[in-house]
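Student: Model the placement of chains B and C on the given structure of chain A, informed by the hints.
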Amino acid sequence: MTNEELKIKLTELNPAATFEEGGEWLNLFIDAADLLSFTKTIKENSELYFDYLFCLTCVDWKTHLTMVYHFSSTKHRHNIVVKVKLDRTNPEIETLSFLWRTAEFHEREVYELFGVKFLNHPDLRRLILTDDFEGWPLRKDFEDPINMIKL
Amino acid sequence: MFRQTEIINQPSTIPPSKEEGEYLTINVGPQHPATHGVLHLVITLSGETIINIEPHLGYIHRSIEKMCESLSYRQFIYVTSRMDYLSSHINNHACALVVEKGLQVEVPQRAQYIRVIMDELTRIASHSLWWGAMAMDLGAFTPFFHAFREREAINEIMEETCGARLTMNYMVPGGVMVDLHPNFQQKTKALIQAYYNRLDEWDELVTGNIIFQNRMKGVGMLSAENAISYGCTGPVARGSGVSCDVRKIYPYEIYNQLQFDEILETGCDSLARYNVRLKEIRQSLKIVEQLIDNIPEGEFQAKTKAVLKLPKGEFYQRVETARGELGVYIVSEGGTTPYRIKFRSPGFSNLSALNHMVKGSKIGDLIAAMGTLDLVIPDIDR
Amino acid sequence: MISLEKIATLIDGWLHQHFNDVITLLIECVLVGVGAIALFALLGLGLVWMERKVAALMQIRMGPNRVGPKGIFQTSADTLKLIMKEGLTPDGADKLLFNLAPVLVIIVAMLILAPIAFAKNFQIWDINIGVLYVSAVSSMSVIGILMAGWSSGNKYALLGAMRSGAQIVSYELSAGISVLTIVVLTGSLQISEIVQSQQTGWWIFKGHIPAIIAFVIFIIAATAETNRAPFDLAEAESELTAGFHTEYSGMKFALFFLAEYINIFIVCAIGATLFLGGWMPLHIGNVQAFNHAMDYIPSSIWFLGKTLFLIFVIMWFRWTFPRLRVDQLLNLEWKYLLPISLVNLLVMTVIAILGWHL
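Chains as they are written, first to last, in the numbering used here: chain A, -3 to 147; chain B, 11 to 392; chain C, 9 to 366.
Here chain A stands alone, though its shape is the one from the complex:
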């Protein structure tokens, strides 16, 4: 499906979604509460069939965090980007690791680098950093006087 067709289809599924223009792929923002049901639908819908979560990351916008999910379909070969805005002080979102198991590791990575808490995650522990590490390194306000060199 082309981006236009996807847009129509996805609006039907989630009328609350807002779209962002200009990218190579269709970008849409949804509510954190809708994430689980929405992604489940787009995974199982045979016309969309987004079975492949190929990238999961987070962006710190200083005022809020944005979770970015890149989906692709191995059957139809189309891609979308789903984004969810999160509160910066207490970011919480449902895990997708029961739908896409690759999310389990990627969410652990996002958890320790951005501090996003994934609800119902099977094993939300630090993956890379030591257990006693303080702070969320990939956030923009992270300071490490020893290891970071300001250019």
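Derived by calculation from the structure, the hints in this document are not laboratory data. A hint or two may mislead.
[What the hints assert, rightly or not] Below, computed lysine-lysine pairings styled on DSS-like, alpha-carbon distance capped at 30 Å: (1) K113(A) / K322(B); (2) K258(B) / K3(A); (3) K227(B) / K163(C); (4) K61(C) / K78(C); (5) K258(B) / K199(B); (6) K111(B) / K319(B); (7) K5(A) / K258(B); (8) K322(B) / K136(A).
[As the list claims (entries may be wrong)] Covered stretches of chain A (chain B as the covering partner; in silico rule of three or more C-beta atoms under 8 Å from a C-beta of chain B): (9) 14 to 28; (10) 41 to 54; (11) 95 to 103; (12) 120 to 127.
[What the hints assert, rightly or not] Example chain C residues on the side facing chain B (calculated, C-beta under 7 Å, incomplete): (13) M66; (14) K163; (15) P238; (16) E245; (17) F329; (18) L332; (19) V334.
Nothing here was measured: the structure is a model prediction, and the numbers come from that model. Note that the Cβ used here is the ideal one computed from N, Cα and C, for glycine as well.
Tutor: Below, chains B and C without anything else, positioned relative to chain A:
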């Protein structure tokens, strides 16, 4: 409420809930001959049988993503050579492509040809090294030396043109850094011919061996459904019959004009992944053969500004490295440095499937299965 | 012509002239002991060098070539390094057993040396149950390995030792049975008699197909018993780092290393004795001219040549084959080698009763 039905089987890293004393926990790594780097696996064993595997990462994490936020669009490419150091050309390529995508630069034909040739040579070198290391993991030392001899020839060719043997930093936004060395074509042609013979030799030495076949067959099963669910790409997914070759599906550069096959095996086991890689070497040789005589004359680099500024927006570029799909995701605020950069590394996703693949098999199978994942630890840790 | 037998008789005669019987025996014991240890050291150094050169040959590289001509003193330099190193005993280890294990392993290897016939009438102890003695004593080495693995207090070592235990106990069976097939032919357990019985031709030629099968099984089992690739599961570098000797360093490690090579030498010597005629030159039936010509080559050269050939074969295995998995290893023994060797023994018994082997 629907979550219960969605569980394909138990999520992978739930620790076993048996009483203590029944199981043996051993640390494979961070220094271990089979992990090829500083990967740390905590393995729970019952006798020789693996109950659970829990990867601990971060021993070589350099936070490249954070570093890149303070590097300009020309500089950050050099850091990416240090991710998957065995396919540094392809990492550089991905970064160059994403910057070009943002700048809307047209890359000269000659540069495109050179880039593809370099990519494929890198893939051959990487797969060769993997082949030797794989055999060494299984206890056969000799193939490693044979593989290294062939890889050395490629390294020499690279050295002449790029000036480096491992971290190439040859691809820059707009093209390639310098033109090809005069010897390049002649040496590469000789290499291709030698390689075809070598591959037959390799098959005789390792592939046909009955012990090898028994070690690989039915080991580390990964169904197509699970391969997709775990986000596996590259030879790992193609060994399970999942068509995922970025060069075919989302072609970049001149890949859509080339004749080559996407290798798919349906064995889902280690042997299938092994066969995929060996056949891929032949396909890569075929690609290089097609290009090497037809490199067009002309510029090797497009004219770009000294200071690159990407427009505000988001750019994503995927390429096929030797290990799978590498994605570079850049969020730009219009400045000279990326606002946020994310590398979607193939090894990270492939590693997450390891526990599922080897649970319930023997320690020897763990080594055989891990070998076919072709893990490069700096690629996982970044 | 000087032969080892003549030298031995000369020394014996000289001692008898000068001393009484008891002192002569004592001096000879000391001489034999020193000789055995010297042989040990020589074998260790020589075989390690040989292994490196064989490996280099197969791996398209040079091998050691700096210390001495063709690098023959490389192993001596390595041994010197190992001696200088600190022999570390880990805190969590069972100190007594940890230090005893390498000694036990090397003692076992030394004991089996006794009944081996190095040349014509040149043997430390021509015991009348020689073959039985070798099988009995060689199975002791597993105790040393289990001790090393257990006392190290290391999980890799423990796993390696357990693997080794399972492996050696299993492969002892088919090794023993393939030895028995030759004993059935000779009707004697004495090494000198077994060699003598091959005067008209080696058993591998005279014993028809069962002898060849027994030989192949013996080589496989011998490789497994010495923990060599493709059966090196007890060490299994890529799986268990170094297996049962993970925690050993310095001279204690060197003892394990040495014992491995001595064991290879011994199993190959046994194989050469049983199947390839030991020190017996190549004889073809009653073709006297040919037999006499062959007799001109000293018997010690024949013995060493055959043994080194078998050692080369075992090294060749190591540098070519991948390692088996632990369940495949046991399957191979219990499901294939053992039944085959049992049937083979039966066939050989029929041959012996019918007298076809003569």
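Student: If a hint holds in the structure, say so; if it does not, say that too.
Tutor: Going down the list of hints, with the structure as the test:
no.	hint	verdict
1	K113(A) / K322(B)	holds, 29 Å
2	K258(B) / K3(A)	holds, 26 Å
3	K227(B) / K163(C)	holds, 28 Å
4	K61(C) / K78(C)	holds, 9 Å
5	K258(B) / K199(B)	holds, 25 Å
6	K111(B) / K319(B)	holds, 12 Å
7	K5(A) / K258(B)	holds, 27 Å
8	K322(B) / K136(A)	holds, 18 Å
9	14 to 28	holds (count 5)
10	41 to 54	holds (count 6)
11	95 to 103	holds (count 7)
12	120 to 127	holds (count 4)
13	M66	holds, 5 Å
14	K163	holds, 5 Å
15	P238	holds, 6 Å
16	E245	holds, 5 Å
17	F329	holds, 6 Å
18	L332	holds, 6 Å
19	V334	holds, 6 Å
Every hint from the earlier list agrees with this structure, and none is contradicted.
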